[in-house]
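Protein chains: 2
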Amino acid sequence: VDADDAPSPRRGRPADPNLDDALRAAAHQVLTEYGWRGTTIERIAERAGVARTTVYRRHGSVHGVLLLMMGDLYSTAPVVDTGSLRGDLVMIMRSVARTWRDPAHVDYVCALLAAQRENAELGEAYRAQMKVRREDTTQIVRRAAARGEIRTGLDPGLLLDLLSGVIWQRVLLDGAELGDDFADEVVDAVLIGFATV
Amino acid sequence: VDADDAPSPRRGRPADPNLDDALRAAAHQVLTEYGWRGTTIERIAERAGVARTTVYRRHGSVHGVLLLMMGDLYSTAPVVDTGSLRGDLVMIMRSVARTWRDPAHVDYVCALLAAQRENAELGEAYRAQMKVRREDTTQIVRRAAARGEIRTGLDPGLLLDLLSGVIWQRVLLDGAELGDDFADEVVDAVLIGFATV
Numbered sequence: 001v002d003a004d005d006a007p008s009p010r011r012g013r014p015a016d017p018n019l020d021d022a023l024r025a026a027a028h029q030v031l032t033e034y035g036w037r038g039t040t041i042e043r044i045a046e047r048a049g050v051a052r053t054t055v056y057r058r059h060g061s062v063h064g065v066l067l068l069m070m071g072d073l074y075s076t077a078p079v080v081d082t083g084s085l086r087g088d089l090v091m092i093m094r095s096v097a098r099t100w101r102d103p104a105h106v107d108y109v110c111a112l113l114a115a116q117r118e119n120a121e122l123g124e125a126y127r128a129q130m131k132v133r134r135e136d137t138t139q140i141v142r143r144a145a146a147r148g149e150i151r152t153g154l155d156p157g158l159l160l161d162l163l164s165g166v167i168w169q170r171v172l173l174d175g176a177e178l179g180d181d182f183a184d185e186v187v188d189a190v191l192i193g194f195a196t197v
Numbered sequence: 198v199d200a201d202d203a204p205s206p207r208r209g210r211p212a213d214p215n216l217d218d219a220l221r222a223a224a225h226q227v228l229t230e231y232g233w234r235g236t237t238i239e240r241i242a243e244r245a246g247v248a249r250t251t252v253y254r255r256h257g258s259v260h261g262v263l264l265l266m267m268g269d270l271y272s273t274a275p276v277v278d279t280g281s282l283r284g285d286l287v288m289i290m291r292s293v294a295r296t297w298r299d300p301a302h303v304d305y306v307c308a309l310l311a312a313q314r315e316n317a318e319l320g321e322a323y324r325a326q327m328k329v330r331r332e333d334t335t336q337i338v339r340r341a342a343a344r345g346e347i348r349t350g351l352d353p354g355l356l357l358d359l360l361s362g363v364i365w366q367r368v369l370l371d372g373a374e375l376g377d378d379f380a381d382e383v384v385d386a387v388l389i390g391f392a393t394v
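Top line first, the protein sequences correspond to chains B and E. Just so it is clear: in the first sequence, position 160 is 160 by this note's numbering, and no numbers are missing. Each number in this note's numbering corresponds to the 1-based position in the second sequence with 197 added.
None of these hints come from the bench; they were simulated from the model. Cβ coordinates follow ideal geometry from the N, Cα and C atoms, glycine included. Careful: at least some of the hints might be erroneous.
Among chain B residues calculated to face chain E with C-beta under 8 Å, some are [what the hints assert, rightly or not]:
# : residue
1 : W36
2 : M130
3 : D174
4 : G175
Label-pair ranges, simulated between beta-carbon atoms [stated by the list, open to error]:
#  : chain 1 : residue 1 : chain 2 : residue 2 : range
5  : B       : E135      : E       : V329      : 38 to 46 Å
6  : E       : D352      : B       : E46       : 21 to 29 Å
7  : B       : E124      : E       : Q326      : 26 to 34 Å
8  : B       : E124      : E       : E321      : 31 to 39 Å
9  : E       : S292      : B       : D174      : 14 to 22 Å
10 : B       : P156      : E       : G372      : 14 to 22 Å
11 : E       : D381      : B       : R147      : 24 to 32 Å
12 : E       : T279      : B       : R143      : 38 to 46 Å
13 : B       : G179      : E       : E321      : 20 to 28 Å
14 : E       : T335      : B       : P103      : 23 to 31 Å
15 : B       : E124      : E       : G235      : 43 to 51 Å
16 : B       : A51       : E       : G235      : 19 to 27 Å
17 : B       : A146      : E       : T349      : 20 to 28 Å
Go ahead and model the full structure; you've got the sequences and the hints to work with.
Next up, the structure:
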């Protein structure tokens with residue numbers, strides 16, 4: 001029996017930033033080398049140079065370590081206000097594309113997608129972060145609407161879903177690299193449909 | 198040591214459709230109950246009522262079973278030719294949305310995304326199927342372009358990436374249900390940008 005099957009991570013311990021940083025770095029390495037199935041508390045602890053009981057006590061299970069790794073993944077988005085919808089969206093898409101160019105990020109998100117079907121807390125934490133991010137980007141669309149930059153009768157949520165969805169399609173499915181022109185090209189194509197000008 | 202760590206599935210055995218159907222059904226059940234981490238040859242074999250050595254001999258590893266489950270996932274798309282770009286795209290999006298409404302499909306794809314980072318053969322097989330599907334949908338866009346239905350200077354591949362990407366965004370990230378109006382709404386929003394009319 002593998003303690004990784006523990007249903008829910010426990011987060012009752014006081015934070016120890018140094019230890020958690022070491023565990024995060026170790027978990028990224030193990031994930032890249034062994035994939036999600038091969039990412040065990042044993043391997044993470046060994047890589048971080050700590051006892052496995054230390055990891056179990058702090059994070060409960062390997063799903064708890066995945067939650068630790070999530071950190072504030074999506075709360076670090078820059079607040080953007082260039083004065084135009086196109087300018088704002090291009091800046092955000094460039095920032096997101098940079099994140100996705102890191103193979104460790106792709107490894108992490110692939111593991112998370114499988115893990116959220118195994119552990120509801122992970123899925124909720126991820127969606128909560130995405131929701132905060134989405135509120136920020138929705139502000140951008142609202143300001144643009146107030147400036148008269150958006151066609152009426154279209155769903156601003158759909159505009160944002162199209163922009164983020166195309167990244168998932170290209171990176172996760174096609175295994176494509178997001179080139180330097182990616183952000184501009186996608187924003188322009190979508191804005192032809194959504195913008196008034 | 199878990200034989201699931203075997204790097205690559207072996208497919209040398211002659212096909213036995215009945216056994217493979219039983220294994221596919223068992224694997225879907227195990228995946229839903231235990232998630233990708235908990236999906237083992239042992240559990241699949243037990244659920245299918247066969248010896249685990251039988252599964253190992255036929256499919257090599259649990260990644261081999263995932264390859265078996267892939268089957269012809271994407272080769273069964275209907276050939277669509279309604280005479281208009283909008284009509285064709287709505288039909289395809291409705292068909293894809295139906296597939297994604299099945300939670301077993303979502304479980305499978307989430308497992309596959311994690312598993313393709315562990316086993317290159319799986320990722321290649323998936324991308325090969327997507328490529329065939331993409332060639333079919335590209336035909337649709339080409340016919341529309343020949344009818345003068347598409348703006349010049351826009352990338353038809355991007356049109357298709359936007360349409361499939363939004364499904365990933367909504368189902369995998371938001372955990373949303375794709376409603377009855379989904380296909381029409383998305384196709385209309387994207388076509389405002391891409392269509393000449």
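Q) For this structure, which hints from the list above don't hold up? A) Hints 6, 15 and 17 contradicted; others consistent.
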